[in-house]
Structure formats: structure tokens, C-alpha cells
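**Q** Residues per chain are reported as follows:
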Amino acid sequence: MPATTTLLQATQSEAVTAIENDVLLSSSLWANVALAGLAILLFVYMGRNVEAPRAKLIWGATLLIPLVSISSYLGLLSGLTVGFIEMPPGHALAGEEVMSQWGRYLTWALSTPMILLALGLLADVDIGDLFVVIAADIGMCVTGLAAALITSSYGLRWAFYLVSCAFFLVVLYAILVEWPQSATAAGTDEIFGTLRALTVVLWLGYPIIWAVGIEGLALVQSVGLTSWGYSALDIGAKYLFAFLLLRWVAANQDVVGQPTLGTHSEETAPADD
Amino acid sequence: MPATTTLLQATQSEAVTAIENDVLLSSSLWANVALAGLAILLFVYMGRNVEAPRAKLIWGATLLIPLVSISSYLGLLSGLTVGFIEMPPGHALAGEEVMSQWGRYLTWALSTPMILLALGLLADVDIGDLFVVIAADIGMCVTGLAAALITSSYGLRWAFYLVSCAFFLVVLYAILVEWPQSATAAGTDEIFGTLRALTVVLWLGYPIIWAVGIEGLALVQSVGLTSWGYSALDIGAKYLFAFLLLRWVAANQDVVGQPTLGTHSEETAPADD
Amino acid sequence: MPATTTLLQATQSEAVTAIENDVLLSSSLWANVALAGLAILLFVYMGRNVEAPRAKLIWGATLLIPLVSISSYLGLLSGLTVGFIEMPPGHALAGEEVMSQWGRYLTWALSTPMILLALGLLADVDIGDLFVVIAADIGMCVTGLAAALITSSYGLRWAFYLVSCAFFLVVLYAILVEWPQSATAAGTDEIFGTLRALTVVLWLGYPIIWAVGIEGLALVQSVGLTSWGYSALDIGAKYLFAFLLLRWVAANQDVVGQPTLGTHSEETAPADD
Numbered sequence: 001m002p003a004t005t006t007l008l009q010a011t012q013s014e015a016v017t018a019i020e021n022d023v024l025l026s027s028s029l030w031a032n033v034a035l036a037g038l039a040i041l042l043f044v045y046m047g048r049n050v051e052a053p054r055a056k057l058i059w060g061a062t063l064l065i066p067l068v069s070i071s072s073y074l075g076l077l078s079g080l081t082v083g084f085i086e087m088p089p090g091h092a093l094a095g096e097e098v099m100s101q102w103g104r105y106l107t108w109a110l111s112t113p114m115i116l117l118a119l120g121l122l123a124d125v126d127i128g129d130l131f132v133v134i135a136a137d138i139g140m141c142v143t144g145l146a147a148a149l150i151t152s153s154y155g156l157r158w159a160f161y162l163v164s165c166a167f168f169l170v171v172l173y174a175i176l177v178e179w180p181q182s183a184t185a186a187g188t189d190e191i192f193g194t195l196r197a198l199t200v201v202l203w204l205g206y207p208i209i210w211a212v213g214i215e216g217l218a219l220v221q222s223v224g225l226t227s228w229g230y231s232a233l234d235i236g237a238k239y240l241f242a243f244l245l246l247r248w249v250a251a252n253q254d255v256v257g258q259p260t261l262g263t264h265s266e267e268t269a270p271a272d273d
Numbered sequence: 001m002p003a004t005t006t007l008l009q010a011t012q013s014e015a016v017t018a019i020e021n022d023v024l025l026s027s028s029l030w031a032n033v034a035l036a037g038l039a040i041l042l043f044v045y046m047g048r049n050v051e052a053p054r055a056k057l058i059w060g061a062t063l064l065i066p067l068v069s070i071s072s073y074l075g076l077l078s079g080l081t082v083g084f085i086e087m088p089p090g091h092a093l094a095g096e097e098v099m100s101q102w103g104r105y106l107t108w109a110l111s112t113p114m115i116l117l118a119l120g121l122l123a124d125v126d127i128g129d130l131f132v133v134i135a136a137d138i139g140m141c142v143t144g145l146a147a148a149l150i151t152s153s154y155g156l157r158w159a160f161y162l163v164s165c166a167f168f169l170v171v172l173y174a175i176l177v178e179w180p181q182s183a184t185a186a187g188t189d190e191i192f193g194t195l196r197a198l199t200v201v202l203w204l205g206y207p208i209i210w211a212v213g214i215e216g217l218a219l220v221q222s223v224g225l226t227s228w229g230y231s232a233l234d235i236g237a238k239y240l241f242a243f244l245l246l247r248w249v250a251a252n253q254d255v256v257g258q259p260t261l262g263t264h265s266e267e268t269a270p271a272d273d
Numbered sequence: 001m002p003a004t005t006t007l008l009q010a011t012q013s014e015a016v017t018a019i020e021n022d023v024l025l026s027s028s029l030w031a032n033v034a035l036a037g038l039a040i041l042l043f044v045y046m047g048r049n050v051e052a053p054r055a056k057l058i059w060g061a062t063l064l065i066p067l068v069s070i071s072s073y074l075g076l077l078s079g080l081t082v083g084f085i086e087m088p089p090g091h092a093l094a095g096e097e098v099m100s101q102w103g104r105y106l107t108w109a110l111s112t113p114m115i116l117l118a119l120g121l122l123a124d125v126d127i128g129d130l131f132v133v134i135a136a137d138i139g140m141c142v143t144g145l146a147a148a149l150i151t152s153s154y155g156l157r158w159a160f161y162l163v164s165c166a167f168f169l170v171v172l173y174a175i176l177v178e179w180p181q182s183a184t185a186a187g188t189d190e191i192f193g194t195l196r197a198l199t200v201v202l203w204l205g206y207p208i209i210w211a212v213g214i215e216g217l218a219l220v221q222s223v224g225l226t227s228w229g230y231s232a233l234d235i236g237a238k239y240l241f242a243f244l245l246l247r248w249v250a251a252n253q254d255v256v257g258q259p260t261l262g263t264h265s266e267e268t269a270p271a272d273d
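Residue numbers (the numbering used here), protein chains in the order written: chain A, 1 to 273; chain B, 1 to 273; chain C, 1 to 273.
It should be emphasised that the hints constitute simulated quantities derived from the structure, not laboratory data. Treat each hint with caution, since some may be false.
[To be verified] Derived DEER-like restraints, expressed as beta-carbon distance ranges:
1) Asn-49/A to Val-200/B: 22 to 32 angstroms
2) Leu-38/C to Leu-176/A: 24 to 34 angstroms
3) Tyr-173/A to Ala-34/B: 49 to 59 angstroms
4) Leu-225/B to Leu-38/C: 56 to 66 angstroms
5) Arg-48/B to Thr-194/A: 46 to 56 angstroms
6) Gly-193/C to Glu-20/B: 46 to 56 angstroms
7) Thr-184/C to Thr-184/B: 43 to 53 angstroms
8) Gly-37/A to Pro-180/B: 26 to 36 angstroms
9) Thr-184/C to Gly-37/A: 25 to 35 angstroms
All residues carry an ideal CB built from backbone N, CA and C; glycine is no exception.
The task is simple: from the sequences and hints, build the whole structure.
**A** See below:
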């Protein structure tokens, strides 16, 4: 049997077996598949009367959030994006095998930009600004993936954790300091403030779970509990976030009426040449 | 010998052997390498008199389409982006090994955004809109990759197929409903209509081939025929598409004269503050 | 032990051992970790008084460059993004195993777009233009990755090298011919000229090192020397580039005052409808 077949299949079947034998773990995944599916149907329904071009645009970006999320959880359930890591010396479980849901980091690299895009469109921020923040966000996810996959050194796992946090600080700075000004200028500061608070608080939870969970200090040694931690955060940061945003957009199409990104900032800070 | 060497090499040499022994299969790949190469030379020649900044921009985006395509087919021919999958229970070929050209999905994630970018620039759509549609398009390709690689469950292969189709619907909605209005405002509606029809019809062919081909229902069980299906669609959706677009741009530089994305929509729907 | 565990761990530990036993090689990696770390601290300090929105934006894009770079070198040092390739017949080291630092290509796909973004923001180029150039740049890095990983054919390694160079030509054309005009209009032509020269000269070094180094013609057969070649180029093209840019931005915030991308080109080439 060819080498790739053997590998791809062994990995997937091992992972599927491990997931099926752990009720806590499998419920943390299926719960999100179900909720993401419901969210997609609900959001399509909520968007039926959205007419203004810019409101439609925000609606489209928001709809992608549960679509990426359902893909992520189906990938974990199929075993395609799950692996087993032998922890390096220094780790609390050194030498033991730990399930790594590395697919989460990969799909966050696609879903979190959608969340930032929706927030940025709402606040009507400059397109270049959005580029930089999304690049930092992708850097955060990719270095998180590296932290999860390193088996050669405990210290390097934490080095990547720190670099990932540094990328996160760039994102936090934009959301907390820069974008609120744009949102005020765009007249969307109230809903932006709510969603920003939700995002900042919940996003802070991810590095905390990593640190105390099985991939970090392993104060919590249950794969199922760690997985539920991420799953619960995803429910708030993705479906609740998207629901609040869409409900507001559907009711305030006139406020988000104009279609071009960055128009407001252009007006408030005219070119000085 | 180190583990990675063994794996990387075994996979590539198995795939190369399988391709070389199947004339139908190898011709489906070499035909596209040849056509993509000719397209690159032709397009460079066609662009020699393009002067207007915006026309040059569309020309640049279009030139990338055959460049990505030639990379894709060289990757398949080298065996680097080809693998062997043992189909799960429930599939018509359950337990048998099937060649998976998974590299196609990966490179579509880079080439199809270029096609959408060229269409979007032509229709002069809002940049935020383009962002969302390209994100949905990448989601479509990545979930297609997942559908192709899952060996643990037949049902999950189709679950990913459905999610991929949902992303496709977002793209279709934009191309069919939203962008034509922008194209009319930009005065490019005739060529946009032609290219949109070509794109929609051919892109619908990809999920159909997946469904009836060897990765789906396996009504067609020949790897070579399935591969030719994708290759023929690529010829129309990539080189013919790009040729028609470039010929029009070269002859209508004055129509696509202004350099900024989204200017028209700004004019037709002014900010109401 | 599960198959993935075995593979992931064997690869990482082999690579780490090989790196630790080669002072030239390991110094080429640690030097960049140290310099990238210092650059991050220095750039945060240099940005403390940047207030103008657009200047802050360029500063943010520039800060990401050393952040991506430190991630790249930590990935190489951990062995996560390093592999061993058996060179195909025709190569000077045919049949021998050569260490491939494939992670370099992967992280260049994230770091070089940041450099182009910073250059593009400085020259105030059209956002669509930036899209196309960044897409070509990512194509360049991904085909470079393919060139590095192919073990089945010496000819295909060089075919990918040529395709990668074709993508590079698209990037070079934009930087050398198109963007200088925008930079002149934006009043940033002096610093743009300096950084453009630095970028073009150093970026030309990468394909040269590939060609003469161990992955290409193998005129230089030392992995450590080849690695130092890339590392030295990175020092100039990343940290020196970013330092010069930030020093200029901090001192010329008024010149880069206006926040919207592409405004100047719009003014110099008004829509003719």
C-alpha cells in the first residue's frame, strides 16, 4: 500500500476512534456543527430584507463566519485535521501522547479575518488598516499552529506562544484604540462598542485556555474539557457575535448605507497637498 | 533514511509512475502545461500596447491566471501534489485505492481569486465586496480539498461537498445579482455579461464532475477521464476567459480608464450623512 | 505509536540534531532570531510618537515584518519546517540527502507581502494594483516551495524555478515601472527610491543563491553557507528595510498624512465619464 495512503488513513482512523470513545470530546464538536448549521439557516433568513449595498456586504461577510466554522468542526470530526503529539521533556505530560486539534488553528486563520472584516466594515475603517490587522491576525493563528505542533522543545512551544501573543497585541491595539474613532465617525459606535467588548473578552479566552489546557501547562489534562473550552468560546465569538451584528444591520440599513470603505476617514482627515 | 525523505519520495515516485502509465491521464496534464505556457506568451504580447493604468491592472491580474495554472499542472506531473486515497465504506470503490489530485484544490484557491479579481475590476465593484467574495471562494476550494482527502467516512466527504457548494452559492449570488449593476454603471456590462456567463456555466461543471467522477458517486471510474473533465473546464474557465478579457481590454482602454476601485458605486450611491 | 506522532517527531528530532551539530548553520538561524527580536523592540520604541493615521498604518505593517521573521526562524530551529530531500538524478548530489529549509518559502509568503504592502502604502498606489502584486508575490513563494520539495525530477525543479521567476518579473515590473509614478505624486519618491533599490537588489539575491546553492546547481554544497546566504539577505531586506522606512515615517508624518489608499492616482487620472 502506498506510503501516503497508509499515513493519511492511519491518522484519520486513530483520531476518529479516539473522538468516538470520548463523549465530552465528541459533544464539544457536534454541538458546534449543529449550532453553526442553525446559524447559517437563521442568517440567510435574517438577510432576506437587507437591501442597502453596504448592509448586504456586511451580511455576506457575517454569513461566512458560521460556514467556515462548520467546515472546521467537520474537519475535526473526520480526523482529517487532528493528530497525536508526543510532548517534549519539560511538559507536564512529557513522553505521553496528546491529541492535538491542529485544524482549529488553521480554520481560525480563515474565520477570524471574517470577524475582523465585519467589524472593520461596520466601523468603516481604512482598507489599508484592515489589511494590516488581518495580516497580524493570520500571523497569530499560524504561530499558534506552530506552537501546537512542536515536539522537539518545550521552550520553543512557549516561544511561539509569545510570538502569537505579540501578533494578538497588534490586533487588540487596532480594535481598542484605532477603530472606535472610525466607528464614531461612521455613526455605528454603539453596536461597534458591544461587538468589540464581546470580541476582546472572548478572544482573550483562547490564549488562556491554551496556557492552562493540555497543550500548555496542562493544569487541565482532559482533552474533552480543553476542547469544550474552545468550543464554548467559538459559540460566543462566532454565532452570538454574528447574530448581534446581523440583527443590528437588518434594523439599521440606513446608517450603514454608503458602499465605500474608508469614505468617512477621508472626510474627517482630508489630504493636505 | 529519515522518515520525511522516505515518505515524500515514495509518494512522488508512486504518483509519477501511475501518471506515466496512463496516457489519458498524462495527456490531460501536459495539454494544460502547453496551453498555459502559450497563453502566458500570448498575453504578454497582447499587453504590449496597454497604457491606461486601470487597463494595465486588469492585464496584470489576468496574466497571473495562466501562471498559477502552469504551476498547478507541473505540481501534479511531478507527483508533489498527488496522493492515493483508500475510499471509505459506502463509496462505490470502498477499500480500493484511488488517485487524488488534491493539488488542484490547493491551486484553485489561488487561481480562482484572480479570476474573480479580474471580473471585479472589470465591473468596478466595491473593494469590500471583492474581499467577501474572494474569502467565500477560498472557503469553497479549501472545503473541496477536505472533501477529497477524507478517508474515514463517506458521509463526511459529502458533508464537505455540501459546505463547499454553500460557499459557491455566495460567490454565484455576487456574480449574478450584485456585480452586474456595478458593471452597468461602469459601462462594461457587455463584456462582463459574456465573461460572467462563461464563468458561471463552466464553474458549475466542477462540482458536477466531482459528484459523478471517481471521488464522488464514481459513475465515471476512470481517473484519466475525471482528470480530463477538470482539465477541459480549466481550458475554458482560465485561458479562454483570460483571452476574451484581454482582447476586450486592449481594444477598450478608454472605457476602463479610471484607476480607483469602487468609484462608480460611490457616485451612484452617495453617503447620506 | 500512531503514525503521525512517529513521523512528526522523527522529522523534528532529526532536523534539530543536524542543526545543533553544524555551527555555521545554527548561527545563521539564531542570528536572525536575535536581530528580529531586537528589531521588534526597537520598532515599538520608534513608533511611540507616530500620531498621523496613515503613518501609524505604515508603522503597523512594518512592525509585522520582524514578527513574521522571528516566527520563521523559530520554526526552522525547532525542526518543524525543515525536512530532508533525496536529490533526483541529474542533480550534483543525486541520491544524497540534503536538508531543505522549506519553511523559509512558506513564511516568505507572509512576510514579503508585508514588505510590498509597506512600499505600496508609502507610494500611495491603487489598492487593486497592490492586490495583483501581492498575489504574484505569493505565487512566487509557493512555486519556490514546490521547486524545493520535488524529488521526482531534476527538470521539474528548474521548471518551478522558472515559473517562480516569472511571478517575480510581475512584481519587479510593478516596483520598477508603475509604483515610482505614484510615489512621485505622493511626494514620497526619495525614500521610495532608496527602499526600492534596496528591495530590488536584495530580492535578486534569493534566486541567485537558490541557483548556485545546494538546492540548485550545488556549486556551493554547504547547507550552512547556503543558509547564511538567505539569512544575510533577510537581514538587509527585512530589518534594515524596515528600520529605514520607520525612521523616515517618524520624521515625515506630515507627508504621509492622508489616510486613504489610492487618492493621489485618482486625482492625477480622473475618471473620464
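**Q** Mind checking the hinted window 49 to 59 angstroms against the Cβ distance between Tyr-173/A and Ala-34/B?
**A** holds (51 angstroms)
**Q** Given the hint of 26 to 36 angstroms, is the C-beta distance from Gly-37/A to Pro-180/B inside that range or not?
**A** Since Gly-37/A and Pro-180/B have Cβ atoms about 31 angstroms apart, the given range 26 to 36 angstroms holds.
**Q** Could you check the hint for me, namely that Leu-38/C and Leu-176/A are 24 to 34 angstroms apart, CB to CB?
**A** This hint holds: roughly 27 angstroms between Cβ atoms.
**Q** 43 to 53 angstroms was suggested as the range; check whether the CB atoms of Thr-184/C and Thr-184/B agree with it.
**A** violated (35 angstroms)
**Q** Is 25 to 35 angstroms right for how far apart the beta carbons of Thr-184/C and Gly-37/A are?
**A** violated (54 angstroms)
**Q** Cβ-Cβ distance between Gly-193/C and Glu-20/B: within 46 to 56 angstroms?
**A** Cβ of Gly-193/C to Cβ of Glu-20/B: about 51 angstroms, so the range 46 to 56 angstroms holds.
**Q** Is the hinted range of 22 to 32 angstroms satisfied by the C-beta distance from Asn-49/A to Val-200/B?
**A** holds (26 angstroms)
**Q** Return holds or violated for the Cβ distance of Leu-225/B and Leu-38/C against the range 56 to 66 angstroms.
**A** holds (58 angstroms)
**Q** Is 46 to 56 angstroms a correct range for the gap between the Cβ atoms of Arg-48/B and Thr-194/A?
**A** holds (54 angstroms)
The structure is inconsistent with the numbered hints 7 and 9, although it conforms to all the rest.
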